[in-house]
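Peer 1: Below are the chains, spelled out letter by letter.
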Amino acid sequence: MADVTLPLADVGHDAHDTHVADHSADHGGAHATSLGLSNNKLGMWLFLGSECLLFGGLISVYMLYRGRLGNGPTPEQVYNVPFTSVSSFVLLMSSLTMVLAVTAAARKDLKALDTWLAVTALLGATFVGGQVFEFTEFYKHGLGFTTSLFGSSFYTLTGFHGVHVTVGIIMLMAVRRMIKKERVPGDKAEVVEIVGLYWHFVDIIWIVIFTLVYLIPA
Amino acid sequence: MTRPASAHRLRRLGTPLAIVAGTVLMAGCAKNETQSIFTPKGDNARKINDLQRFPMVAACVVGVVVFALLGFAVYKFKDRGQPIPGQGHGNSMIEIGTVVVSAVLLGVIAVPTTQTIFKLAKTNDCKTVVNVTGQRWWWEYSYPVQAGIPKPIVTSGELVIPTGQCVLLRVMSRDVIHSYWIPALNGKKDAVPGRVQPLRLEADHPGIYDGQCTEFCGLSHANMKMEAVALDAADFATWVTKQTTDAAPTAAKVDTSMDKAAADGFTTFSQCSRCHQVSGRVDADGNPVIARADQNLVPGAAPNLTHLMSRSTFAGATFDLLTPDCRANLRTASPEAFGALYLKGVTPECLNRDTLEAWLRDPVALKPMMPAATGLGQGMPNLKLSENAIDQLIAYLETLK
Amino acid sequence: MAIIERPIATPALARAGGITTPVGPKQALGVFRRPVSSNGWRSWFFTVDHKQLGIMYGVVSLTFFVVGGLEALLIRLQLAQPNGKILSADLYNQMFTMHATTMIFLFVMPMAAAFANYLVPLQIGARDVAFPRLNAFGFWCFLAGGVFLNTSWVFGGAAQGGWFMYAPNSSRLFSPGHGVDFWAFGLQVTGIASLTGAINLIVTILNMRAPGMKMMKMPIFTWMVLITQFLLLFAIPVITVALFLLSFQRTFGATFFDVRAGADPLLWQHLFWIFGHPEVYILVLPSFGIVSEVLPVFARKPLFGYPLVVFSGAAIGFVGWGVWAHHMFASGLGPVSVAVFSFSTMAIAIPTGVKIINWLMTLWGGKLRFTTAMLFATGLIFEFTIGGLSGVTHAVAPSDTQQTDTYYIVAHFHYVLFGGAVFGLFAGFYYWWPKAFGTMLNETLGKINFWLMVIGMNLTFGPMHILGLQGQPRRMYRYDTSRVGSGFFNLTFWNLVATIGSFILAVGVLFFIINIFYTYKRRQLAKAPLDPWDARSVEWMTSSPPKAHNFDVIPTITNLDEFFHRKYAADAETGELRPVATAEELMAIQEANADKNIHLPGPSYWPIILAIGLPIIGYGIIFSHILIAIGATVIFFAIFGWSMEPSVPDPSDYDPPSGNDGGGTKELATVG
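Chains as they are written, first to last, in my numbering: chain F, 1 to 218; chain Y, 1 to 401; chain P, 1 to 672.
Looking at chain F on its own, in the form it has when it is part of the complex (with noise of 0.2 Å):
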């Protein structure tokens, strides 16, 4: 299920659909769901609640297979652990934007939450672009997508999560350009805070991934 997008799609409009629901008219009362959480953002919890899964089970397959080589290059061979430090620490960088754009968009500076907006995607691209260099490099050394069971499972688990980062990117500057462009219908605030969740969690995942896969050897 790459369709990671759709919920952002749904962020952008059903929103209006629902979260302007209930029964305000006929009950008086501005209680807005029976959980007090928006439709919205349980909706995001529970979608990531089911990304645990996906990359519990990557994870698993990587880690049942990274020592078995076959005729390729050990990981010791093709990582490089202060490049991927790096890039780690920008990613995590973008955590931190984040919730700079979060903060932001809470007290309503549009300017600001167009800044840290931007700022986090470009840190989230910059770490693409550092696993796309990663990616060459490696295959440079002989660690090709079908080289080995390591390397098939190197490149599904890392890839799925680049796809993931690239995916929150869009989401990023899609908000950006709809918040400018007044299309974001109902709270803004809390449409930069669904995203946030989905990048914060983009993160963390990649936290463990470089654990387990770059800093504990096989």
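Treat the hints with caution; some may be incorrect.
As the list claims (entries may be wrong) - Straight line, CA to CA, 27 Å or less: simulated BS3-like cross-link-like pairs of lysine-lysine:
hint: 1; chain 1: Y; residue 1: K78; chain 2: P; residue 2: K547
hint: 2; chain 1: Y; residue 1: K401; chain 2: Y; residue 2: K242
hint: 3; chain 1: P; residue 1: K447; chain 2: Y; residue 2: K76
hint: 4; chain 1: Y; residue 1: K76; chain 2: P; residue 2: K367
Just so you know, these hints were derived from the structure itself, not from any lab.
With chain F's structure known, arrange chains Y and P on it following the hints.
Peer 2: Using the frame of chain F, we list chains Y and P on its own:
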């Protein structure tokens, strides 16, 4: 309204009774079904049978109780104009009771289950070891050198084991997952490529015990049968001696006793020996002919035919090498007479010539296989043999006693 | 067409700031206007209404039920006698693979989704699901995936590896052809449907309950749907990973299951069954919910031990994650793992047994009316008990090594899935048909339908116990005369009985289809009363079929069986229950107090377009890379259109054009 309701009641009560009666009968008097799981013929299968009896009976009893209650409720509380019942929401005693009773019942089942699991996992008390290798769609049995077996033996179609002792199978696979199952001797064990899995077998008496591959392994899964042949210690030793000798003519030109057809068949078979090993054959230079099946096939082998005529089946136990009469004689032989009859092998009058010819004519028509799939053979192709060549080949195969 | 009330004041959720004006149609590019049709094919293709989508789920999955059923009949014909010649080995292997895949992924799961979609918002007093367009997208993904999967029949043959598709048999070397590719991608697409549906329904249930409806006052069906959707939420990503690994191996030459590269083929089994066992509960829990609704109505008693039924459902949901390896008792796990999984499998029998006793006790002391729905519900108790009990016999791991992959297992899971899941769905058809269509299914035809199905299923699957215990393995396109035996239990006879049974079963199902057409023809005469069954839960507190906005007034809930307690009250002196109001009276009160300012989000083009892009990519992966580009383009534009779509249609698009957007009028059409 009353008529369908009473029919309804009858069925409600009738079906469970029929099922219980059926199950009891089944456990008691199944006799001719060779793969029945209620007729253990050895220690391991007996352990399982002893274990399964209680849960099955308990399940029937619980079923009868539930169906009786259900039938009673359906009968008793049918709408006959009684007032709307009270809207009570439950009864915690009944609810807790259900949980406790079912937990206790399952606990009673769990204890012997665990004991049996560990008993059946034991491997260190087995005397004979056989490597069992599954491939599409037949089994290879190889006997490594061990006490009583001075030279390695490779055979297929029939697993020959000594009676009265635990035989440890080391179950493996060359391609996909298969499953080894001789119901009368033990439960199943999957043959997983890349793994060696132990399976204990033990037969009380000499005889043939049927089995079937039970993990779906592709096209001809249904044809992947096996037979375990149990022989008493003396007969087993005779069998081993026979199997450890090479096939009689090493080269046709040095064997003048061979008839013309068999000698021609020997020559024709040089093509076959690319895949089929016949131990003892030598080539023109006097070097042993080793089947290099792996060069022609994936998965790596075709059945070893060195002592084909000592078996009663061919093509992976899919077809009978014996005529139906001879086969029936062998199967119905008393345990005492079985060994001698089996060791006689395929006599000329017992050879199931028709099926063997049909097989050589077009194997794929008899047993669906994928000889040419993706350029890598999985099964025997149609070799377009002439009738003459088929006759010669059979004449030669008949010498492989 | 969900109806959303237009907020009068600033909605609570906007408190964090931002502009609350919805995106108006004027701001949209013309091409991105929302469709407005409320009749004709457009009203179905672009709908986002949960009731319409529920019916569409139902129609499509019923069609797949027929397809899967025909496949089953061919299987049974082939096995009617030894050495059957109806199907070739290859075709037979495709047939059982597609039979299982179709029945599981394209019939039972989506049919449960049909009920959940239609009923959950009604049962919790909501006006639609949380994400209506996502709901539509889910349906179209299911349809696209199902059709894609079945087109493999004409593009060189369907998958033949069994629905469990064990590696390495599924690899290109052992399964050449495109069947497995179709299978993997098709399931991936239907998986999107399940995942989006899961998120949608969980949010709906947790967040959109009517005032006063605490979790423990939710109708039991909604509860079971909630548990099922959580199972889906966590099970689908696991099969997603497995399917990706399989596709990467087949398409790009990865080595995940290639033993020569050092892979472990059991990896697939673990991934598959970690999904596959929760899947069993995904299939059966919605039906448990349905019977738990039907039995109390026709017993005129509340569900016995409601909290325990809820908790046992949740317990099944939890323990269901810890039993997967009982599918692998013969695969060579160590004795310790086998023992542990044997225990957990026995443990899961406890909550299941609790449910059966609770249903039984619901009947106990009741006032039972045996309508067709009730017959199916009672039939479920009977058939499922058989399946559950045979299940306990293979929780005993050593016995299971004798039973697994024989017809005994086939018998077991058909009693569970046909006697459990399918009987529950049929009970649901008869019970909720008047709700959804405003007509009553014919009871005489219904009873013929029921009895033929009961007789048929027991004749089909009952003998399979015998076949399995006599050692007939599954998935064999033929069996030999030499091994059928000759006594009372000979395989030939019982195989023939099973085949005859399967045709009786098929005729039973045919009567259901006849019943649908018969009822449709007589729809004027068979008009359903407002409350035909003297029902208990909230979905009956509105018209049948419900209005587009479900309820004129969202009811405030004070009781578990709210509707029943509005209709009946205990007599102060005798304590006997007396009717105090009829459904018609309650309905009149509602209509008199109908909400103003009800708005519907408009239909949308994008869910269907987005879903169509997916199978195009699938064909592209298999046949031509250019199609991948086309599919990706379609998806890209669909997502763009989706997010750029205005949240309401332009008033001028209506015929006749509606007035200004918003305002104080009550708008029940597709506006808003």
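Peer 1: Hints first: check each against the structure and report whether it holds.
Peer 2: These are the hints, each one checked on the structure:
In summary, the hint linking K78(Y) to K547(P) is not supported, as the alpha carbons are separated by about 35 Å, beyond the 27 Å threshold. This hinted pair checks out: K401(Y) and K242(Y) have alpha carbons roughly 9 Å apart, not beyond 27 Å. Distance check on the hinted pair: K447(P) and K76(Y) sit about 21 Å apart at the alpha-carbon level, within 27 Å; holds. Restraint check for K76(Y) and K367(P): the C-alpha separation of about 9 Å stays at or below 27 Å, so the hint holds.
The structure does not agree with numbered hint 1 stated previously, though it agrees with all others.
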